[in-house]
Structure formats: structure tokens, C-alpha cells
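Colleague: Listed in order, the protein sequences are those of chains A and B.
Counting with the UniProt record's numbering, you get residues 1 to 153 for the letters of the first sequence.
Counting with the UniProt record's numbering, you get residues 1 to 118 for the letters of the second sequence.
Hints are supplied without guarantee of correctness; some may be wrong.
[What the hints assert, rightly or not] Cβ pair distances, simulated, as ranges: (1) B:ARG101 <-> A:ASP53: 39 to 49 Å; (2) A:GLN69 <-> B:GLY66: 35 to 45 Å; (3) A:ALA101 <-> B:ASP97: 15 to 25 Å; (4) A:LYS31 <-> B:ALA83: 17 to 27 Å; (5) B:VAL46 <-> A:PRO43: 25 to 35 Å; (6) B:THR47 <-> A:GLU84: 23 to 33 Å; (7) A:ASP35 <-> B:ASP97: 14 to 24 Å.
[Claimed, not checked] Below, a sample of chain A positions facing chain B; criterion: calculated Cβ distance under 8 Å: (8) ALA14; (9) THR15; (10) TRP32; (11) VAL65; (12) ASP67; (13) LEU106; (14) PHE109.
The set of hints was computed from the structure by calculation and includes no laboratory data.
Glycine included, C-beta positions come from ideal geometry on N, C-alpha and C.
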Amino acid sequence: MEFGTIEREMYIDATPDIVFEVVSRPEHVKKWWPDDARYEAVPGAVGEIVFGDAEGGGQAVALSVVDVQPPWRFAFRWTQPADETAAEGNSLLVTFELTAAGDGTLLRFNETGFREMGWEAAVLEEQYNDHLNGWDYFLPRLAPCVAALDVRS
Amino acid sequence: MSALATGDIEDDLWSAIGDPTRRRMLDLLLATGLGTATSLSEQLPVTRQAVAKHLGVLDRAGLVHGVTAGRERRYRIDDAQFARAVAQLHAVSNAWDARLRRIKRISEEIQRQGAQHD
């Protein structure tokens with residue numbers, strides 16, 4: 001198992017209150033991510049996000065709310081097996097941290113987890129290991145992303 | 001793993017390429033063109049038996065093809081399937097960037113609408 005992190009930082013021209021609502025409330029989350037989101041934005045709440053039509057071949061993914069500190073911090077785990085409690089090792093942990101910046105908000109995002117949990121994590125280590133050239137040949141377009149990625153084995 | 005739900009990524013392909021040893025094997029096959037369980041195990045800190053098992057996983061995912069030659073099967077990369085896996089990998093690594101751009105756009109729209117009402 002190898003541990004990976006994706007990190008991003010972004011300025012948003014909106015107040016932390018607004019950004020917090022957008023990253024945490026299901027009715028907003030389903031506008032920027034899945035087709036549907038069903039959970040309560042309170043710590044410990046367990047719900048799901050749905051890709052596609054839930055009634056017809058769509059795919060539901062477990063989501064478990066970890067931390068809710070309006071308007072500064074929202075964290076959740078996802079991708080855990082439906083019959084398991086989300087924990088390190090069986091899921092990816094997503095954290096949004098907001099700070100006021102001028103008239104807007106600085107949003108810090110990161111997703112951490114064992115790379116076996118997701119492609120996001122799997123792509124990373126190769127960028128730091130120049131041991132073999134195959135991936136470098138096939139993955140040149142990834143270079144711009146790499147600067148913002150941090151991987152620990 | 002089916003839970004990732006990033007569209008049409010196939011579970012077999014994901015789990016095949018999600019393993020570090022199997023990625024190193026793919027790297028070696030890319031570098032050498034052809035390999036057997038024996039030749040690959042000589043370059044990796046795992047047994048020939050383990051390599052043979054990994055080759056089976058890669059074969060089922062369509063990432064390598066084996067041809068029996070003498071007492072051993074010789075494997076080579078399936079270029080089309082490998083390129084497809086890499087393209088999907090790339091798409092997912094950019095997925096959060098796209099989501100974050102939408103978060104920014106939605107937040108700024110709400111901010112502007114609020115300002116108009118003031």
C-alpha cells in the first residue's frame with residue numbers, strides 16, 4: 001500500500017460563507033460533482049453520492065462526513081465499501097480548508113489515501129520515480145499537474 | 001474497485017494497474033518488448049510464481065498478451081489497451097481540477113447574485 005496526496009489551492013471571488021456552502025451542502029455538491037448527493041452535512045453522517053440515474057444503472061458511492069466547521073473546514077471520506085465504516089485504509093479523505101483573502105476566499109483542497117483506493121493516487125508515484133521511462137513516454141501531459149502533487153510512500 | 005465511479009473506468013483495468021509490482025512489470029515490458037515470468041522475476045524483488053500470477057492479472061485486463069514459447073509463456077504489452085489505461089489515468093488525475101473549477105464558478109455566481117440584491 002502506498003500513500004498519496006493531491007493538493008490544490010485556489011482563490012475564489014466569493015466569501016468563505018458562500019464557498020463553504022458550495023463545498024459542503026448536498027444541493028450544491030451535486031452541481032459540481034455527482035448527479036445526486038444524499039447526506040447530512042454533520043460530522044459522522046453517512047450518505048452517498050450517485051453517478052448516473054440511481055434508478056437505472058447508476059452507481060452509488062458511500063460518503064461519510066468527517067468534519068464540519070463552518071465556514072472554515074469541511075472534510076469527508078468516500079470510496080469505502082458500502083458495508084464498512086469509513087476509515088484510513090479503506091477510503092479517500094477529502095478536506096476543504098477556507099481562509100478569508102481580501103474580498104474573497106482562499107480554498108485549499110486535498111485528497112489523501114492509499115493509492116489502491118483510486119486512480120488519482122495511482123498516477124502520482126511514477127512522476128517521482130524516474131526508474132523507468134515507459135510511463136514518462138506515455139504520460140507527458142501530466143507534467144503540469146505534478147508540481148502540485150505530493151506523494152509519500 | 002467499482003466505487004470510484006469516474007465514468008467508464010473498468011474495474012479490471014484499475015486493479016491491474018493499481019498495484020506497484022504490476023506497474024513495474026509493465027515498465028520492464030515496455031523497456032524490453034518481451035518478457036517471461038522468469039526474466040521479469042530476475043529484475044524484481046518477487047518470486048517467479050508471484051510474477052506469473054501478476055502476469056495473469058495483466059493478461060485478463062488486456063494489458064499484456066502471452067504466447068507460449070517452449071516451456072514458458074512470453075508476454076508483451078498490448079499497446080492499444082495500455083494507451084487506453086493511461087488516458088483514463090490522465091482523465092481521473094484531472095478530475096479534481098474540473099470539480100474545483102466548478103466550485104469556483106458556482107461560488108462566484110452566488111456572490112454576484114447576492115451583490116445585485118444589496
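Colleague: Next step is simple, just say for each hint if it's right about the structure.
Modeller: Status of the hints after comparison with the structure:
1. Between ARG101 of chain B and ASP53 of chain A, the C-beta spacing of about 25 Å breaks the proposed range 39 to 49 Å.
2. The hinted range of 35 to 45 Å is not satisfied by GLN69 of chain A and GLY66 of chain B, whose Cβ atoms lie roughly 54 Å apart.
3. ALA101 of chain A and ASP97 of chain B have their C-beta atoms about 20 Å apart, which keeps the hinted 15 to 25 Å range intact.
4. Checked against the hint of 17 to 27 Å, the C-beta distance between LYS31 of chain A and ALA83 of chain B comes to roughly 33 Å, which is inconsistent with it.
5. For the pair VAL46 of chain B and PRO43 of chain A, the beta carbons lie near 42 Å from each other, so the given range of 25 to 35 Å is not met.
6. Our hint of 23 to 33 Å for THR47 of chain B and GLU84 of chain A holds, since their Cβ atoms are close to 31 Å apart.
7. Hint check: ASP35 of chain A to ASP97 of chain B, Cβ distance near 20 Å, so the stated range 14 to 24 Å holds.
8. The interface hint given for ALA14 of chain A holds, since its Cβ lies 4 Å from the closest Cβ of chain B, which is under the 8 Å cut-off.
9. Residue-level restraint check for THR15 of chain A holds (minimum Cβ-Cβ distance to chain B is 7 Å; threshold 8 Å).
10. A cut of 8 Å between beta carbons decides the hint on TRP32 of chain A: the least distance to chain B is about 4 Å, and the hint holds.
11. Given hint, VAL65 of chain A at the interface with chain B, is violated; its Cβ is 17 Å from that chain's nearest Cβ, farther than 8 Å.
12. Because the beta carbon of ASP67 of chain A sits about 18 Å from the nearest beta carbon in chain B, more than 8 Å, this interface hint is broken.
13. Violation of the interface hint for LEU106 of chain A is found here, the shortest Cβ-Cβ separation to chain B being roughly 12 Å, above the 8 Å cut-off.
14. For PHE109 of chain A, the interface hint holds, the least distance from its beta-carbon to any beta-carbon of chain B being 6 Å, beneath 8 Å.
Going through the hint list in order, the structure does not satisfy hints 1, 2, 4, 5, 11, 12 and 13.
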